[in-house]
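K.L.:
Here is what each chain is made of, one letter per residue.
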Amino acid sequence: MNPNGKDAPAASDSSAPPRRNSKKPKYSRFTQQELPACKPILTPGWVISTFVLVGIVFIPIGLSSLFASQRVVEIVDRYDSTCIPQHYVENALAFIQSSETNKTCTRNLIVPKHMKSPVYIYYELDNFYQNHRRYVKSREDKQLRSKKYEHVIKNCDPEATTSNGSVIVPCGLIAWSLFNDTYGFSVNSKAVEVNKKNIAWKSDRDSKFGSDVYPKNFQSKGLIGGAKLDPSKPLNEQEDLIVWMRTAALPTFRKLYGKIEVDLEVNQKVKVVIQNNYNTYSFGGKKKLVLSTTSWIGGKNDFLGIAYLTVGGLCLFLAISFIIIYLIKPRPLGDPSFLSWNRNPAGHLN
Amino acid sequence: MKGMEMRGGRKRSIRLSNVYSFSCFRSSSGGNHSQIGQKGYSRVVYCNEPDHPDAKRLNYKGNYVSTTKYTALNFIPKALFEQFRRVANLYFLVVACVSFSPLAPYTAISIVVPLVVVIGATMGKEAVEDWRRKKQDIEANNRMVKVYGGDQTFHDTKWKKLRVGDLVKVEKDEYFPADLVLLSSCYDDGICYVETTNLDGETNLKVKQPLEATYSMHDENSFQQFKALIKCEDPNENLYSFIGTLYHGDTPYPLSPQQLLLRDSKLRNTDFVYGVVVYTGHDTKVMQNAVDLLPRGAELRGKWIRYKDIRGGMLVRWYLRPDATTVFFDPRRPYLAAFCHFLTALMLYGYLIPISLYVSIEIVKVLQSIFINQDPNMYYEETDRPARARTSNLNEELGQVYTILSDKTGTLTSNSMEFVKCTIAGTAYGHGVTEVESAMARRRNGGSLEIEDQLSNLTGDKGDGVDLTKSIKGFNFLDERIMNGNWVKEPHSDVIRLFFFILATCHTVIPEVDKESGDIHYEAESPDEAAFVVAAREIAFEFYERTQSSISLNELDPETGAKIGRQYQLLNVLEFSSSRKRMSVIVRNEEGQLLLLCKGADSVMFERLSEHGRIFEDETKDHIKKYAEEGLRTLVVAYRELGEEEYNTWQEEFVNAKISVTADRDSLVDAVADKIESDFILLGATAIEDKLQEGVPECINNLALAGIRIWVLTGDKLETAINIGESVMKQIEAGKSQVVSAKASSVESALIIDGKSLTYALDGDMEKMFLELANDCASVICCRSSPKQKALVTRLVKAGTGKTTLAIGDGANDVGMLQEADIGVGISGVEGMQAVMASDFAIAQFRFLERLLLVHGHWCYRRISMMICYFFYKNMTFGFTLFWFEAHASFSGQPAYNDWYMSFYNVFFTSLPVIALGVFDQDVSARLCLKYPQLHQEGTHNILFSWRRILGWMLNGVSSSIIIFYFVTTSTFPQSFREDGRVAAYEALGVAMYTSVVWTVNCQMAVSINYFTWIQHVFIWGSIVLWYLFLLIYGSLPPLLSTTAYKVLVEACAPSPLYWFSTLLAVISTLLPYFSYKALQISFFPMYHDMINRMQLEASAASHSSVSATARVEDRIRQLKDRLWHHSEP
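These protein sequence lines are chains Z and W, in that order.
Numbered per UniProt numbering, the first sequence spans residues 1 to 350.
Numbered per UniProt numbering, the second sequence spans residues 1 to 1130.
By construction, these hints were calculated from the structure, which means they are not laboratory data.
Predicted, not measured: the structure shown is a model, and the values here were computed from it.
With a straight-line cut-off of 30 Å between C-alpha atoms, the simulated DSBU-like cross-links for lysine-lysine are:
#1 Z:K142 <-> Z:K197
#2 W:K134 <-> Z:K23
#3 Z:K39 <-> W:K1078
#4 Z:K39 <-> W:K931
#5 Z:K23 <-> W:K473
#6 W:K931 <-> Z:K23
#7 Z:K24 <-> W:K134
#8 W:K1078 <-> Z:K329
#9 Z:K26 <-> W:K125
#10 Z:K24 <-> W:K135
#11 Z:K23 <-> W:K125
#12 Z:K26 <-> W:K931
#13 W:K266 <-> W:K69
Modelling step: build the complete structure from the supplied sequences, incorporating the hints.
P.N.:
Below you can see the structure in the form of structure tokens.
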């Protein structure tokens, strides 16, 4: 376009003597905003290939995770309402709060499919706000960590001290409300052992809960919240507590109770003896017992697979519709007449 | 020697003040002196007795001037107050205060530090600016002036020590320290010349004249007994009025503006003057004219503050909901609990109104300013001045400018009139090319380079041919038929001689002879007169001396070529006025012949020609028409011989009219003058070019194409204004007609209004009508407007259109206008630095405005609006995930994330890409911005920052947050999320969601920007990597520090495929809606920049090379060419 183009570089070199005190801005690609750049423009080709690519990647992922989820066998049994004797149905609260009532309850579960060991046992609570700010804050990490911080109870109100002022270990609402239903399993009248070792995170056992911290004055106040702790075991061995103390994110949550390390066969009858101690009745929460195997994707949840398939499918659909649109109505871009004033597409001009 | 002689001559001849009839000498008969002593006219000055007991009682303030906003004492409280007057700052202060209480959902440091930084930086900036003003004040206050003291001598005193009533002596080229009443000067009749550039932008000299009672006091001793009393009006802002009475002895003498020497004007051509101080310090007219310094907030910011308020309202509603439905912390004190809860929520959702937006915008704007400062395309080689962004607040407003209000002199024009052409005896002489002509020629040829070359060749050739092109100021006349004495050989050489004789005599120019070199410099009231005199000198008549009654010329003898000094007796000057549109002098030459010489506008001259004086009428008319089309200003030159008797009768009548003391004296004088100004013999006409600055026509043309309206506000005379209007507005109209093809009727009209009419137009009810009328006109010119009026017009336009106005000017008289407009651009030219000091941007030439607005303005506007939209988006995305979590945590104020994730969100993981966007993003290159000025419309109509767009982005943010929250929670909850059966608790969910947010927000950035350099890549992908790194490092700290983040990535999340797959799902799903929308929009509803990009892409695809490469090469070539051009220019 420019006949002088070729000579220009040479000329510029000679014509820019380093003049002293000149305020002339120095040329650099950075300050002139002329850095080498790629300017991606969404051309139809790019749009369609992006959609196709997403579709191609997503659909296999969706299929495989859906498949994995389908392979997982899960038994869910809600027992909070059935484990109340008939004459207490109207008055569940009285039943659960009383220390005289017999809270043992037996449930029979049928294994729908072969469950390969390990079979994980969870309890699931519903409408339990373990993520409520006041609840979450009501613990004292220092106290849990080490004996020398035993008297640090800053955040623990109202479960910091007993009525006579001595310190509660572990203090706070979370520990106080420790889940205390227990489950005993038997298959064909033969008791199945529940392994409760190694159900908490290793980092919690090693670094958050001290081996020299023993429960003290726990659940000795008037109102009993939940389970009692063995005062002779250090906190880092109280795995139920450790699991419970890692608060759930949502009001419906599962927590690991233990593992059954034998396979469960199809149609086997699993008898569960439940000690229905935990009070969810005052806030209308449900309690469920869950037995589940796992796959590489974790527990049973079809959502991920379905979502992947849906998004992948949608992308393919969009790709096809874009192709059709471009075919039917070739893009009007690149038409210089569109630059004229009067046809401003934004429609803001008069 | 010559100078001495001249002064001697002056001394001898002067006494007859009434012979003086220069236009500026009209005594103001309008002043009503009867009002003295009444309300508004109560000032009493005891001349030469500042210690008079009564004077002390009056206690007028001293001459100390302070233009600073703050003092050392009140800086901290006042500046803090200013800062916290901003709603946003106040909000952040409240949040910061509350964050120290246990209510805060996160640590106090994370909110206090940014607040302190922001406020500290802004206050620091204020302090520096104020310190600069302070330094100027100190400089001015400590300037020295000679004051008459008790010991009968003048001694140096600082300006600030000056008191009302002091007698001062001001010497040549000094500024007046205060408003003075002129007593006497070095001249016998006491006159002096002042330059009022700082006040009204006019560079010509004005004559001031003392009262008869005082002009004779020339030496210091005569002031020993001098005592006088001045009663005058109270301090006011009106530069052109002054009413007062001086009592000398018991005799009252009326004072008028003629006697008033204003502060900040300069004494010129006069060795010294004596004066009495009447107004000091802030009472002076110039200080009264100063407009208060008000902080200017940009529109965009205004909008986002409004947005903030809306968010505040929503916060209140959100708080109501938990209050009504869920558990209080303390059921016994519900109201207190509710209030505390509210404060917690306020802070938690503070993420929706990020303080970091403030910080980021400040950073980005500063960097943008650096780019503006560093642009070599806005560097002016001749004065060695680059463009300067003096404030960084208004960068994006540059891209939204709707109206430009421009000063004329020194801004559009280079303030030099050039004698370009003339027609004498029906023959047109002079073939210079005017700016307008060349601009039109260029446009006709589609801006091709060839014609430019041709034109430059053309002028270049002539430069070689005639040696005179060593650039004589005011003279750009090229015609070998007349130059170098060749005119003698022309057929009508006598007519030519008379023509230039008239140019040499019929004027009010004052010659100033340089004592050393003997060069003559002309001081003219209007630069076109100077151009005439220069032209006459170059041809044949060198005008070198003026006395009250004579004019002396060095004439070129046609035969011998020698120079002969001749003196002409100057009998009368019939001065120029806008109603008369002509000026005449009556002279008697050495032969005793009486000549009436006249020059005037064609509209009044042709009807005054005598029967036998019309020989050349038709040709002359043709030529005048042609000149006018070329944008030149024309004056018809004619003369007549007077009989002795006729003159004497007329002279008697004229003197009678002049000494009459009736109100209609002026019209009486005009009527008498009219009598003799007839029966002229036409000689020809002159054509003067009011030289536009380089590149002005093209610049205006492009700005008009960009849809920007241009108003010209000038202190000039109506004629001058119309003339410049014709030359400039032609460009605008040419641009406009391409722009609005439909509304042809309104295009052609231009509104021209003068200062007096403007006072009525700006008055109350008329304002609206005036604005409506002005809006219908393609162009508006306001002439004879005072600085205050300029500011008022600016305010009117600003308020009336509601759109961004830009004022551009170069003189002190433009300061008010610059400050009133949304953006003030100062031309750092020759007229001092006041305009630059008051401006927001300083450029060296008007033509740089094009680049400033169309390139930098467009980019900055686009960047800032994109940035704000994106900021809203990213904080919505983040904030609403918090909110959805809240909804599942019974609105207890528990954040979904660890404190430090939240604190660092706006600092590390998302901030740098936004800053990169704000600093570097370009939709189209600079070259294309200039090629398609229409792009500017995106800014004027605020398309990129409309509520629709903001809401769209916010909606995008909300939907992203919904997708992220529900996809992540439903896919990871409540089942185990790993193969070992463990479930995701609070910590893991937080990390999973946060990861998705960081990915989404950064990828969204990658999808929405148009311009990827390595910087963008580093920032965007770096931010994501940084998040993982942070998690790794933070998670490996002892658990008491890292709390919920302890080993969360290493132990819990990273080994879980679900974590990675849910992230991928959430990220892609959130990007899909925007991506599809953008693909559709670009293809089917493209905006300007999309179309330009596409055209560019196609053009380069056609030429089988990549788009960036060609664009780069072209840019580079263009730049080199520019550089080359600049270098070869001088």
